[in-house]
Structure formats: C-alpha cells, structure tokens
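If you read the sequences in order, they're chains A and B. Heads up, the first sequence is in the working numbering, so the first residue is 18 and it goes up one at a time. Heads up, the second sequence is in the working numbering, so the first residue is 1163 and it goes up one at a time.
Mixed in with the good hints there might be a few duds.
As the list claims (entries may be wrong) - Think about it this way: if two alpha-carbon atoms lie no more than 20 Å apart in a straight line, the pair counts; the simulated SDA-like pairs of lysine to any residue are:
| id | chain 1 | residue 1 | chain 2 | residue 2 |
| --- | --- | --- | --- | --- |
| 1 | A | Lys204 | B | Ala1211 |
| 2 | A | Lys230 | B | Gly1234 |
| 3 | A | Lys230 | A | Ala247 |
| 4 | A | Lys230 | A | Leu259 |
| 5 | A | Lys204 | B | Asp1239 |
| 6 | A | Lys230 | B | Ala1212 |
| 7 | A | Lys230 | A | Arg32 |
| 8 | A | Lys204 | A | Gly174 |
| 9 | A | Lys204 | A | Arg177 |
| 10 | A | Lys204 | A | Asp178 |
| 11 | A | Lys230 | A | Ser191 |
| 12 | A | Lys204 | A | Arg242 |
| 13 | A | Lys230 | A | His246 |
| 14 | A | Lys230 | A | Arg242 |
| 15 | A | Lys230 | A | Asn205 |
| 16 | A | Lys204 | B | Glu1238 |
| 17 | A | Lys204 | B | Gly1234 |
| 18 | A | Lys230 | A | Leu218 |
| 19 | A | Lys204 | A | Ser191 |
| 20 | A | Lys204 | B | Ala1198 |
| 21 | A | Lys204 | A | Arg235 |
For the record, the hints were derived by calculation from the structure and aren't laboratory data. Note that the structure is a prediction, hence the values are computed from the model and not measured.
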Amino acid sequence: MTQPASFDPTTLPVRHALAHEIERGWRRLAEPGTWWTGSQRLAIAAEARNAPFCGLCQRRRAALSPYTVAGEHVSLGILDAPMVEIVHRLVNDAGRLTRTWLQSMQDAGVAEEQYVETIGVIAMITALDTFDLGLGLPQRTLPAPLAGAPNRQRPAGARRDLAWVATVAPEHLSAADPDPYTIHGNKNIHRALSLVPQEVLNFFDLDVELYLKDHEIRDFEHEYRALTHAQIELLAGRVSSLNGCFY
Amino acid sequence: MGAALNGDGAAVGVAHGATLVEYGEAMLRGDARRRAAARLAVYQALGPAALVDAAAIVASFNAVVKLADGSGIPLEDFKEKATQTLRAELGLDGLNQGAGTS
C-alpha cells in the first residue's frame, strides 16, 4: 500500500480527554490566577513566545555562564524588567538558574508566589504550543483575558524546606487549599509549584493526558497509548536529555 | 538510557526508535523542513494516533523541565539511590550544574 505523502493535521485523532484538557489549559491561561490577573498571565505567555528571539538570551546561551553577559532583553514592552528577565531565563536557559539568581529577582520586587505562578504559566504555554508544533498546527492566537481578581491565598503550610521556593507538603495542606496531591501524586515534581497549588492542578491536569497518569507510568501490563511504554520513555528520555533535565 | 542521551534511537531495540528520536530532536532543534519530515515519518511508520501521542510526549517533557529547573527541587533519595550506577556510567551528575549554586 502506498504511504501518504502528506496529511492534514486538523484531522489527526486527538483523544477526547486530551482535547478536553488542552481546551481547559488555554482557558486557564486566560483566567485570573492566584497571584496574577488573566491579563498578566497572558502577558507572561506572550513574552514567553517572544523570548526565543531575544539576542541577549542567545548570547547568554552561547556563553560559559549567563551571568557574565550583560545587556537588555528584547521584550514586548508589557512586563517590567525583572519579570522579563524571569520569563526569558525560564524559557531559554532554565537549566542554569540558581538560588542566588532567584533571590536577586525577589530583591527586585517579584514576590515568591508570583514567581511560582509564572513558572506554571510558562510550563502551560510551553506544553500547549509544543503540542501544536508537534502536530504541524499553526500557533494559536492567545485568548482574551477573563475578568476577575486573583485570590492571593498563600497556603498557611508553606515552608522553604525542600526547594529554592517554599512548597507545601501534602500533610500541610489545609482544607482551604486546592489539593493536587490526592489526584496526581506527591513526588517532588508535584511539590515544585505547590506554593500556588492551583498551578500544580493546572499543569498536571493537562500533563497526565499528554503523558500518563501516575499509576499508568509503571503499569507495564497495559498499554494506554498508541505508542508503547518503551517508545514513550525513549522519546521522553531524548527530549529530557536535549533539555538537560535529568530529574 | 545511553541511546536517549546520544540520540541513537536505532540501537535500543525499540520499534521505530530511530524515527521517534529524530522526531523529538526535530521538534526541539530542527527547522521547519526537518520538523515536517519528522512528523510525516512518524505518521507513516506508526500512524496518526501515534503522531498525536508523540506530540503529546514532547509537549509534556518540554514543559515539565520548567517546574524542576525553576523551583530547584531535588531528586528524591530513592531515585538517587536507584540510579547511582546508571548516573555514574553515563556521567549525568556532572551535567547538573544549576541547583543550589551561584
């Protein structure tokens, strides 16, 4: 049988659950978050899309240390300078971030909670845009922001005892906090953004449909996707290696 | 693991491993032509549903690294112990430069 020479990406069979979470992910980008408004979240997403074209970031990536290259980022002009630095570093050179750098961002006025939510927004737009790229779909126009104010609820149980940022252990969540652990698990990767628990839910609600649910990852008796476990892990390993992520 | 690190997908005995590794590399490092060729190769070799899965996996792992790198979370003790030999053989520890350092 002759192989097709091309295909229409709009007709690819996206699993219903994945399609649902993708749409929910786009909506969550536009909604008010815990610390940022919908407009601010979308401004972060827009700057994240702009970051790969920044000349300063390109020079820094080529340098042995990004901290030896001075200059100004090429930005969209919406976010202030510390936030532009944060967005560009997370997008272009996250593997060389340091605790000292993070402290300097906080000294420049970015609250720890805002920083954590920013990571969540960048992770979401990265996942959503990469998925479309992977299928050959055009990059989506960012949605319009949804009205509403951030609730600014910091979990009372947050402690800086694991990471550079405060996190909330599962046993320290209160009834008032969104609970991502019961649904998604409580490994360190789930705790990473737990200072803003809704961001953990936002990301992993999508991620379990992109990848696998926690209990599916090591269930080698069943295949949950069109790709086998071995194929999934080979591809995941290669992507992680290219990103310098060995977590 | 070595194949994932050095991109030799054909060496590991995973069906269509080379095609998938090339796909991952093309999505992260390739130009438009290389990406288009890689998508078509996955589509032809594995089918449309597998292409969707491949796009999803690349999306997931391209994003989740931001959580780890941005927050500075450490590797769990049990993972560190379980992978000690593997990490030594592959020289992975030498690549973790950022966490906790200035």
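Evaluation of the provided hints:
1. With a CA separation close to 30 Å, the supplied pair A/Lys204 and B/Ala1211 exceeds the 20 Å bound.
2. For the hint pairing A/Lys230 with B/Gly1234, the CA-to-CA distance comes to about 23 Å; that exceeds 20 Å, so the pair is violated.
3. Between A/Lys230 and A/Ala247, the direct Cα distance comes to roughly 16 Å. Compliance with the 20 Å bound is thereby established for this hinted pair.
4. Distance hint between A/Lys230 and A/Leu259 is unfulfilled; the C-alpha atoms sit about 23 Å from each other, more than 20 Å.
5. For the proposed pair A/Lys204 and B/Asp1239, the alpha carbon gap of about 11 Å is at most 20 Å, so the pair holds.
6. The straight-line distance between the Cα atoms of A/Lys230 and B/Ala1212 is roughly 18 Å, inside the 20 Å bound, and the hint therefore holds.
7. Between the alpha carbons of A/Lys230 and A/Arg32 the distance comes to roughly 14 Å, so the proposed pair stays at or under 20 Å and holds.
8. Among the hinted pairs, A/Lys204 with A/Gly174 is consistent with the structure: their alpha-carbon atoms are about 17 Å apart, no more than 20 Å.
9. Proximity of A/Lys204 to A/Arg177 is assessed by CA-CA distance (about 16 Å); at most 20 Å being required, the pair is judged to hold.
10. With a CA separation close to 15 Å, the supplied pair A/Lys204 and A/Asp178 stays within the 20 Å bound.
11. Taking the CA atoms of A/Lys230 and A/Ser191, the gap is about 24 Å. The hint is violated against a cut of 20 Å.
12. Our distance criterion of 20 Å between C-alpha atoms is broken by A/Lys204 and A/Arg242, whose separation comes to about 23 Å.
13. Taken as a hint, the A/Lys230 and A/His246 pair is honoured in the structure, with Cα atoms around 12 Å apart against an allowance of 20 Å.
14. Between A/Lys230 and A/Arg242 the CA atoms are separated by roughly 11 Å; this keeps the pair inside 20 Å, and the hint holds.
15. Restraint check for A/Lys230 and A/Asn205: the C-alpha separation of about 16 Å stays at or below 20 Å, so the hint holds.
16. Restraint check for A/Lys204 and B/Glu1238: satisfied, since their Cα atoms lie roughly 8 Å apart, inside the 20 Å limit.
17. Restraint check for A/Lys204 and B/Gly1234: satisfied, since their Cα atoms lie roughly 14 Å apart, inside the 20 Å limit.
18. Distance check on the hinted pair: A/Lys230 and A/Leu218 sit about 13 Å apart at the alpha-carbon level, within 20 Å; holds.
19. Note on A/Lys204 and A/Ser191: the hinted pairing holds, with a Cα-Cα distance of about 18 Å set against a maximum of 20 Å.
20. Among the hinted pairs, A/Lys204 with B/Ala1198 is inconsistent with the structure: their alpha-carbon atoms are about 36 Å apart, more than 20 Å.
21. Of the supplied pair hints, the one linking A/Lys204 and A/Arg235 holds, its CA atoms being roughly 15 Å apart against a limit of 20 Å.
When each numbered hint is compared with the structure, violations occur for hints 1, 2, 4, 11, 12 and 20.
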